[in-house]
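Protein sequence lines, in the order shown, are assigned to chains A and C.
Residue 236 in the numbering used here sits at position 236 of the first sequence, with consecutive numbering throughout.
Here the numbering used here = 1-based position in the second sequence + 1000.
Please note: incorrect hints may appear among the correct ones.
[Stated by the list, open to error] Some but not every residue of chain A turned toward chain C, in silico, with C-beta under 8 angstroms:
{"no.": "1", "residue": "M1"}
{"no.": "2", "residue": "T11"}
{"no.": "3", "residue": "F12"}
{"no.": "4", "residue": "T49"}
{"no.": "5", "residue": "P52"}
{"no.": "6", "residue": "S122"}
{"no.": "7", "residue": "A126"}
{"no.": "8", "residue": "G151"}
{"no.": "9", "residue": "P154"}
{"no.": "10", "residue": "A163"}
{"no.": "11", "residue": "A165"}
I should point out that these hints are in silico values taken from the structure, not numbers from a laboratory.
Note that CB positions come from ideal geometry on N, CA and C, so glycine has one too.
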Amino acid sequence: MIRILTISFLTFAALFALWVAVLHVAPQPVEARWIDGIYRVKEANTAKTTGPKVVIIGGSGTHYSYAARVISDETGLNVVNLGSHAGLGGAYILRRAELSLHAGDTAIVALEHQLAFDTPPSSVLASYVMTADTSYILHANLRHIPSLLFGYSPADMVRQFAANALPWGSPLYRPDSVDQWGDETSNTPENRMPHMVAAVANSGPIGAAIGNPENPPKFIVDFATWAKANNVRLIQAWPVTTNRDAYSTPYYRAYFARYSEIFSRLGFAVAGDQSRYLLQETDMLDSLYHANTQGALKASKALAIDLCKITQCPRQPAP
Amino acid sequence: MLFNSIEFLFAFLPLTLILTFAALKIGGRPLGMMVLTAASVFFYGWWEASSLLIIGGSIAVNYTIATAIARQSDGGARKVLLTAGVAVNLAALGYFKYANFFLESISAATGSSGPVLSIGLPLAISFYSFQQIAFLVDTYKGKVSRSPFRDYMLSVVFFPHLIAGPLLHYRDIITQFERRFSVNWTTISIGFPIFAVGLAKKVAIADPISVFVNPLFLKSTQGPLEFFEGWAAALGYTAQLYFDFSGYSDMAIGLGLMFGIALPLNFLSPYKSTSIIEFWRRWHITLSNFLRDYLYFPLGGSRVGVVRKYGNLLIVMLLGGLWHGAAWTFVFWGLLHGSYLVVNHLWRNNVGAHLGRANAMLAPVYAVMTFVLVVISWVFFKAVDFPSALNVLQGMFTPASIALPSEIPLVFNFAPWPRVTWGGGMSFADFTTFWFYAGVAYAIVWFAPNAAQIFDIDGKESPPSWIGPFNRPSAKIAATVGLVWISAFGVFGSVPSEFLYFKF
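Use the sequences and the hints to build the structure in full.
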């Protein structure tokens, strides 16, 4: 019995070690390569910032739809954009943000709506963790570890070999288009292709699962606890999204109130009203969460004003 | 509860093994059988509690009729009881599975819009109805004597075979429960490796292939596929169905052996067949045997004239097709195989028999022909309707275009070939990944030994063993762990998918 268990364990460990080694030699998945690239640029820029800073945290909605440069200019604060990829999930995004935050900093959390809930790891997170950030497994929820370890399969790797054989021709989704504030610069209206316009037009309202603010997701509680222990100020901002008529209905108003309550109960200050962060379709790039530079300018000006209502700004933004 | 789900693998199976082990130790075989029956009912009810009454009723009615047949000495009365029993089963199957099919067919034929009944198909009804009909017939023929209800119920609900077979003869399984029913380290170490082979077939091969196959068949509902799409759809589904169903059967056999029970073999490398006759001796073997014993032989089998014999073959295969699903595509699939069998018999008797050694030399040609004919038939088996099936077949044999991903010339640095449409078919990533995967799958199908060969299983009562290089204990363990490791990607990395045969 002991012999069988020993051989089983050793075989399993050997196979797993071999797999991890292969993953680190094989080409990275396309999405993981982009995520890794933008995190490298953003974290390097954040590390260079001297003095207290304001870090905007979220998925690609934050990456595309807020412009830290605009908010910095408007408020005089040192603002950086740490938006990455919603597929990573809220738990990973907040955990990763801790590495860039220090005492005296302000964390503006603008999680896309689906990220404010405890969800199992996505294939994006599994592929990213297994190929670029394996140490995250040590910090992950115990329940999610098997999905992280086995969420990126040999079949996925074969597909990525094929995807990596093609040169990346699009001006979008390139780490080199991220500027020194961590903002995306390629999301100009000129780069908006017809299929992107159609994708935005065909998107319905966000899915609004009414969460329970009295029982918030553990990863948000953990982040709030960590921030308080490390003297990091917490602000909840609204994820920028395309306007839809449904958002003015009582159902969605109740949902947005609860979304906000999840954060406010944990000590987050709330930056403004959700309705100020709804953009027209012409302000969007390729999805209901991704603004183009024109939309990002509008959302960032709104955030600058709302930010200065709840925090001291060296400069008052233009109304 | 799916065999490939986390709740089955990490909760139901270990708990059932532990509880059955404890029950056998404490109360012997009767208590062990009770625990296993309760676990099996839970297994079924977890999935579809609403159907528990139906399966319960079916078991009770069949047991009552079988008992009445066994008690009755008058031949005429026995026959009446048997007829009533078979009719009850067919009526239940007809109502739950075929009522809407017949109503829709009548509506289509008359051009009217008839009623549609709101009937859900109870899980596994085709399997347990068929098996219980066999039990009634065996009781009528005196092959089975009166049995305790406890034994009969377990023979039907025993969870490894309940949902999708293998189809069992009552006498074969119950004698094993009397002689070999046990749970211990040895039974688990015998059964688990076979279960692991099945799990790997399902989650590491069938499920990844289905990712490509399903969108292609969906596309076929809109119009003809191009050449590579057509072949990818047909070959992909051929591989998917084999690895899915034979994987399920291996898992069932492995699970049975964990309780000391040897379930019959269901697959023996069917795609290596050199004739359709041979194919049906290697594919879904227990269904073929049931159709032969309970339909083909009663119809007269091959003891009647040539014309009736071939007519019987067509009837059996047509009904076999209908058993798989309530749709005309399944009926046609059955008829197609019936026709294949008739032609195969005619060729064998009238041509092949006179070819002498040349016939043996033609084996590779026969094998290719058999495989292609089977692939064509699976298109009808999978497609939602005839136009979709024809759209796939058109892509395979008379394509309007032969399309390759436009990125191929760029990646491999060559000038695009004329007469090939560059782009418009499968994407570059799908194309390369699918054909790589299909290559691996068919290498296993044609060149690897099957589970019966690896484990030296005969499907009877003798315990399986390992053969060849895997006969060394450490090699056995390492191979099993390797299968578990590769399966873990499918178990943890995605939502468990249903086995294809569960819907039949």
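Tested hints:
1. The beta carbon of M1(A) is positioned within 8 angstroms of a beta carbon in chain C (closest approach about 7 angstroms), and the interface hint is therefore held.
2. The closest approach between the C-beta of T11(A) and any C-beta of chain C is roughly 4 angstroms, which is under the 8 angstroms cut-off, so the hint is satisfied.
3. The criterion of a C-beta within 8 angstroms of any C-beta in chain C is met by F12(A), whose closest approach is roughly 5 angstroms, and the hint holds.
4. Hint status for T49(A): violated, given a least beta-carbon distance of 38 angstroms to chain C, over 8 angstroms.
5. The interface hint given for P52(A) is broken, as the beta carbon of that residue sits about 42 angstroms from the closest beta carbon of chain C, more than 8 angstroms.
6. For S122(A), the suggested interface contact is broken, since its CB lies about 11 angstroms from the closest CB of chain C, more than 8 angstroms.
7. Evaluation of the A126(A) hint against chain C yields a held restraint, the C-beta minimum of about 7 angstroms falling below 8 angstroms.
8. Because the beta carbon of G151(A) sits about 5 angstroms from the nearest beta carbon in chain C, less than 8 angstroms, this interface hint is met.
9. Nearest Cβ of chain C to the Cβ of P154(A): about 7 angstroms, under the 8 angstroms cut. The hint holds.
10. With a least beta-carbon distance of about 5 angstroms to chain C, the hint placing A163(A) at the interface is held under the 8 angstroms criterion.
11. Look at A165(A): its Cβ gets to within about 5 angstroms of chain C, closer than 8 angstroms, so that hint holds up.
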